[in-house]
Amino acid sequence: NSYLNQRTDIERLNILKIMRPDKVIQGIQIYVTRNLDQKYIVPPPFSLKQSYDDSNMCTPLIFILSAGSDPMDLLLKFNTDMQAPPPLTVSLGQGQGVIAQNYIEEGLKRGLWIVLQNCHVAKSWMKELERICAEVIVPGNTHPSFRLWLTSYPSDTFPVAVLENGIKMIIEPPKGIKNNLFRSYTNDPINDPSFYDNCKQPGPWRKLLFSLCLFHAIVQERKQYGPLGWNIPYEFNLSDLNISMKQLQMFLNDYNEIPFNALIYLTGECNYGGRVTDDKDRRLMVSLLKNYYNSKVVLDDKYSFSPSKIYHITENTSLQGIQAYIQSLPLNNTPEIFGLHDNADLAKNVNETRRVLGNILLTAAMSSESKGGDVEAKNIQIIDELIDKFPPQFDQEAAAKKYPIIYEQSMNTVLKQELIRYNRLTGVIKKSLGEVRKAVKGFIVMTAEMEEVNTSILFGKIPRSWASKSYPSLKPLGSYIADLLDRLKFFQVWIDKGIPLVFWLSGFYFTQSFLTGILQNYSRRRKIPIDQVGLDFEVTRVEISQKPTKVPETGVYCMAKLKEEDCSAFIQVTLFP
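Throughout the sequence shown, residue numbering follows the UniProt record's numbering, covering 1 to 577 in sequence.
It cannot be assumed that every hint is accurate.
To be verified - Pair ranges (Cβ atoms, derived): (1) 492 <-> 163: 32 to 40 Å; (2) 120 <-> 324: 36 to 44 Å; (3) 406 <-> 501: 49 to 57 Å; (4) 343 <-> 255: 41 to 49 Å; (5) 120 <-> 45: 21 to 29 Å; (6) 550 <-> 406: 18 to 26 Å; (7) 228 <-> 254: 33 to 41 Å; (8) 58 <-> 332: 25 to 33 Å; (9) 20 <-> 388: 33 to 41 Å; (10) 228 <-> 395: 50 to 58 Å; (11) 7 <-> 163: 41 to 49 Å; (12) 308 <-> 118: 26 to 34 Å.
What the hints assert, rightly or not - Derived BS3-like pairs: lysine-lysine, alpha-carbon spacing no greater than 27 Å straight-line: (13) 207 <-> 309; (14) 49 <-> 23; (15) 280 <-> 296; (16) 550 <-> 416; (17) 77 <-> 178; (18) 290 <-> 302; (19) 17 <-> 461; (20) 296 <-> 200; (21) 39 <-> 23; (22) 475 <-> 489; (23) 402 <-> 290; (24) 309 <-> 389.
Read the hints as simulated data drawn from the structure, not as lab findings.
All residues carry an ideal CB built from backbone N, CA and C; glycine is no exception.
Given only the sequences and the hints, what does the whole structure look like? Please build it.
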């Protein structure tokens, strides 16, 4: 503790990254709170009014869609609140471009709102949209009340000029149960008193409404846990919650006795369950909902949804009371509210740490581009060092003459295949390094693939173009190169000195071919069908200092690493019968 207290916040984050990567996100939250402000870790409530006020008749308002999001209900409600004429809406697709253009011309004259949905679908019409925004929607030709609303998933064909000049908005479910609940209670329809206070059974209504909103947050957040949360990830959204809220209010207004079975069926099987395709996920959905839709929620004033009683029904169920209670909840979720073990957080938090740090690296890469010479010189130095480390490619023709393909020795075939694979890998690496070196020096144009290789080298990661031709590896770049050079050395010694007495098992690019070669040699020598032969692995008592001097009667000797000082014993691969 005394050591940590003497460290700066950034140094503490570095220690967390090394020792507890699952706690880095919480450490970042503490860092931001101390050095910036609490407000920067709490997502602000989405305000369509603010975006509208920032726009004018010539500025398009662009909804960037995420999976499962649909801003139309929000937009139509805002249109009504602004007392504007009903918008003209068209969902773009084949043959809809002419209709959209006619709507825009009408809207320019009458001051209407025009909504063009799914712009990512109409790829061929995007150039026309760019022309309309640049030449038609101009101040002298546009009614002051005119607004152009666009919705689109991220797309390479969306006009860059329109995107740069427009007001960008994105609606995503907020991270964490606290933020999710707060979003539900600060947006329509709950924050509208005419909806929240309009129920004949106010007590049960407010409790069950809170339960429903918590259930909505739970089913969305379970996705963060991967297959522990759902077998298949689903995109539940606000439309599921809104229809469920309206049905809840309708049933409470129409029936004196709460029909829980009907509510569970409509909410769990229809509204949310309609998106669920896996049978076990559907069973889980209904089982979860029964914890939130039951008589105890209504009758017990202190009903708790978690063993720790952190998440419970608050005594003050007014809108302000619920909002105050939500603000008191922890920012980070605990697995208990999902019915999961504490260990479920480990993988989720580590993945989140990797994602956040990966995004930070991308930002650092973009900022480093502006520094110019120093970064270029550093990259060229690293590239030169890597190129110098690699030996020439294997001489496959010479190896084929020395170790011809014969029936009695399958290891010659294994060697040939391994040399082909490693030559292909080193060829890709050397070629990409040479191209990046030329591009950094300005001799050729830097392509997207070269840029990815350049950035990966700078941050010690294996470039994707290398990984696609490589054996599986989770090592950082430096360790990966050292391991690859050891592998190349192992096979060069094999070529120079003959079939080794001890094989480096993990040094093979395709280990399965080596094991198959062992089976083939044995079955051919004993004249036994290969499908009747099996492998057995035994850790021998032979120490490295007593290295085997001859091949075993059956099978081979293997070791886990190339460097003998790193091994304490050999593995003998034996065969049966």
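Next item on the list: Given the hint that residue 280 pairs with residue 296, test it: the Cα-Cα distance must not exceed 27 Å.
Entry: holds (26 Å)
Next item on the list: Starting from the hint 18 to 26 Å, judge whether the C-beta atoms of residue 550 and residue 406 obey it.
Entry: Between residue 550 and residue 406, where Cβ atoms are some 21 Å apart, the hint holds.
Next item on the list: Return holds or violated for the Cβ distance of residue 20 and residue 388 against the range 33 to 41 Å.
Entry: holds (38 Å)
Note to self: Check whether the Cα positions of residue 39 and residue 23 lie no farther apart than 27 Å.
What the structure shows: This hinted pair holds, its Cα atoms lying about 21 Å apart.
Notebook entry, point to check: For the pair residue 228 and residue 254, does the Cβ-Cβ distance stay inside 33 to 41 Å?
Noted result: Holds - the Cβ-Cβ distance for residue 228 and residue 254, about 39 Å, lies within 33 to 41 Å.
Margin query: Quick check on a hinted range of 49 to 57 Å for residue 406 and residue 501, using CB atoms only.
Written below: violated (20 Å)
Next item on the list: Mind checking the alpha carbons of residue 402 and residue 290 for me, to see if they're no more than 27 Å apart?
Entry: violated (73 Å)
Next item on the list: Would you check the hint for residue 207 and residue 309, treating anything up to 27 Å between C-alpha atoms as holding?
Entry: The hint holds at about 16 Å.
Margin query: Holds or violated: residue 49 and residue 23, Cα atoms, limit 27 Å.
Written below: violated (37 Å)
Notebook entry, point to check: Are the Cα atoms of residue 309 and residue 389 separated by 27 Å or less?
Noted result: Measuring from Cα to Cα gives roughly 60 Å; hence the hint is violated.
Next item on the list: Mind checking the alpha carbons of residue 77 and residue 178 for me, to see if they're no more than 27 Å apart?
Entry: holds (25 Å)
Checklist line | Hinted pair residue 296 and residue 200, Cα distance within 27 Å | finding: Measuring from Cα to Cα gives roughly 19 Å; hence the hint holds.
Consistency with the previously given hints fails for numbers 1, 3, 8, 12, 14, 23 and 24, ordered from lowest to highest.
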